[in-house]
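J.: Order-wise, the sequence lines are chains X and W.
Converting from the first sequence to the working numbering requires adding 19 to each position, the first position being numbered 1.
Converting from the second sequence to the working numbering requires adding 7 to each position, the first position being numbered 1.
The hints are simulated quantities; they were obtained by calculation from the structure and are not laboratory data.
In this text, all values refer to a predicted model and were calculated from it rather than measured experimentally.
Glycine included, C-beta positions come from ideal geometry on N, C-alpha and C.
Possibly wrong hints are sitting among the right ones.
Which chain X residues face chain W? A few, computed with CB under 7 angstroms, are given here [claimed, not checked]:
(1) A56
(2) A58
(3) L60
(4) I62
(5) Y158
(6) V159
(7) S160
A short, non-exhaustive set of chain X residues, derived as facing chain W with CB atoms under 10 angstroms [unchecked claim]:
(8) A66
(9) F149
(10) E226
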Amino acid sequence: MSGTPNQGPGLRYPSNKKSIYDRNLNRTKNAELSRAAFAYLFIEMIAYAQRGVSNVGDLEQKLNTQGYPIGLRLLDLLLSRSSNPLASIRPTRILPLLQFIAQTLYRHLFGRPADALEKSSTEPGQYMLFDNEPMVSQYVSLPRELSSLNCAAFVAGVIEGVCDGAGFPTEGVTAHSVGEQEQGKDAKAMWPDKTVFLIKFKPEVLEREEILGRGGG
Amino acid sequence: MVVFALMIISKSGGLIYNREFHTGLSKLTSNDYLILAGSFHGMHAITSQLSPAPRIPYITPQNNMLAPSPFPNRPTGIEVMESSHFRLQCFQTQTGTKFLLVTEPQQPNVDTMMKKVYELYADYVMKNPFYTVEMPIRCEKFDRGLDGFIKVRG
């Protein structure tokens, strides 16, 4: 027999008659990837982002742009994969959305939930998501000339993508290293990469949130 | 248990990292270190030429099926140098980078230590986006990892 498949055009079925549409969407268990492989890929991503970039802000913006489409897609993927049918509805309020990011998204990406979630006391509509040791900067040592860079800008892009995809436009999600002066020397030594993601929603999101709050309350 | 120093020599013979872990040693200038690394690199090359060539593996129908190894079994050159006051262990990676650990003569388990140092190098130097291969190593996390490791051991 020759190797040419005896089939017409259209969807080709493997020998066990199961296409990818027959497989379960829930294949999250044992689907972990090599961290080293990611580290090497991330090196190339940063090298790519560094092309034609003059300052740290632009570089972070480029990393953010790389993460954004991942966030857009992950929102739908994670919702359609969730086993609980009630949980597969898109979050419509700010808190469930942030919970989704801190729990579901973080578990999917990094195998653990985010470390803390806070609301800014000074600025309305600004939320802070803390990560004590971001996986993406695990192996990164910054050179002196780029010491203000935070590679978790990539993760910030993912978060921004999720927010936008869910219909919560933001004025940008940014990643900042938590400085010594805020946390004290000991905390800095314990979590040298501690990062805070600042999520600032647009005014119309806050307006809607208020209306929804009144209607529901 | 004392580890005196660690040096890393690139495959072209340049010193890309050196670190002293023990205070109270007579100081070498950075130029001395470069000379030391260069001479060791040369000596290592000579000794690997001196040592008898390894047996060429006989190709049988069985092992013929396997892909040839990209890393031929080369002779290794100097592995250990001992004196009354120190012991210098050299480990050469498959790509030609050399790690030199200078320890006390009676230091046990230098092999495990070397393995750990190599592991730290692979993690915090090679996986660092801002490190250029063959260039001097300036990675904060590598330094910190070595500190933690040597402190725990020492």
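J.: Next step is simple, just say for each hint if it's right about the structure.
T.: Okay, the hints, checked on the actual structure:
1. Hint status for A56 of chain X relative to chain W: violated, with the closest Cβ pair at about 10 angstroms, above 7 angstroms.
2. Taking 7 angstroms as the C-beta cut-off, the interface hint given for A58 of chain X holds, the closest approach to chain W being about 4 angstroms.
3. The restraint placing L60 of chain X at the interface with chain W is violated, with a minimum CB-CB distance near 10 angstroms, outside the 7 angstroms limit.
4. A cut of 7 angstroms between beta carbons decides the hint on I62 of chain X: the least distance to chain W is about 4 angstroms, and the hint holds.
5. Hint on Y158 of chain X holds. Least Cβ distance to chain W is approximately 4 angstroms, under the 7 angstroms limit.
6. About 6 angstroms separates the beta-carbon of V159 of chain X from the nearest beta-carbon of chain W, less than 7 angstroms, and the hint is met.
7. This hint holds: S160 of chain X has a C-beta 4 angstroms from the nearest C-beta of chain W, less than the 7 angstroms allowed.
8. Because the beta carbon of A66 of chain X sits about 7 angstroms from the nearest beta carbon in chain W, less than 10 angstroms, this interface hint is met.
9. Taken as an interface hint, F149 of chain X does not check out: its beta carbon lies about 21 angstroms from the nearest beta carbon of chain W, beyond 10 angstroms.
10. Because the closest C-beta pair between E226 of chain X and chain W is about 41 angstroms apart, greater than 10 angstroms, the hint is violated.
Comparing the model with each numbered hint stated earlier shows that hints 1, 3, 9, 10 do not hold.
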